[in-house]
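Top to bottom, those sequences are chains Y and H.
Everything in the first sequence is counted per this note's numbering, starting at 1 for the first residue and increasing by one.
Everything in the second sequence is counted per this note's numbering, starting at 1 for the first residue and increasing by one.
Please keep in mind that the hints were generated in silico from the structure rather than gathered at the bench.
From a predicted model like this one, the values you see are computed outputs, not experimental measurements.
Each hint should be verified, as a subset may be incorrect.
[What the hints assert, rightly or not] Covered, in the sense of this in silico footprint (three residues per stretch, anywhere, with C-beta under 8 Å from a C-beta of chain H), are these stretches of chain Y:
| id | stretch |
| --- | --- |
| 1 | 21 to 33 |
| 2 | 36 to 49 |
| 3 | 57 to 63 |
| 4 | 92 to 98 |
Just so it is clear, CB atoms sit at the ideal spot from N, CA and C, and this is done for glycine as well.
So the chains spell out like this:
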Amino acid sequence: TQLLEQSPQFLSIQEGENLTVYCNSSSVFSSLQWYRQEPGEGPVLLVTVVTGGEVKKLKRLTFQFGDARKDSSLHITAAQPGDTGLYLCAGAAGRRALTFGSGTRLQVQP
Amino acid sequence: NAGVTQTPKFQVLKTGQSMTLQCAQDMNHNSMYWYRQDPGMGLRLIYYSASEGTTDKGEVPNGYNVSRLNKREFSLRLESAAPSQTSVYFCASSELSGAYSREQFFGPGTRLTVL
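Extracted from the complex, chain Y is given alone in its bound form (with noise of 0.2 Å):
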């Protein structure tokens, strides 16, 4: 079994502050894909990335993919209360479906 292990768990900072969220696993991904997923609703992808060490920027997130694929992180900038939300890292190899990890509670304070 693929596991995928996410930290912080939960998160609770001020507005403008930066923070870094990680996901790590022993397996290699073929890709990795974040998701945000706010109350009441399914997550929604952020971004995928596929090639090891790859940096990919999404405004103020920053996503990399580790060079041997088995970790993530996600860094956020000057977070602000938009960004409140659970973060969720998502490892795709072989043919089984994605493998989610537990996923870090964020919570921007204003």
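Based on the hints, put chain H in the right spot on chain Y.
Only chain H this time, still in chain Y's reference frame:
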């Protein structure tokens, strides 16, 4: 396009009752999935269908059955509900599955309570 739709949105069952959760997608996707999400946890895969005519067990299949009715529809059945099945259920679809999957599209979820 409606994307992925799920019915019902809310349901309360008594222990031992049965019910079917419905899911449909209008994106012509090949693959469909059922997940459950419990408080403080991520998504756990119950069953998935990589393509029309196939279904496979996920991480937590016990107590559930699925039917890929056609390319658009994928239903989840609880034959004899138990309190441990109280959860939020999400259906999702993607163009391809496994290593080729690049994005999953999720429905709004069904909030199920089993008393």
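Problem set entry | Hints violated by the structure (listed by number, smallest first) | Of the numbered hints given earlier, the structure breaks just one, which is hint 3.
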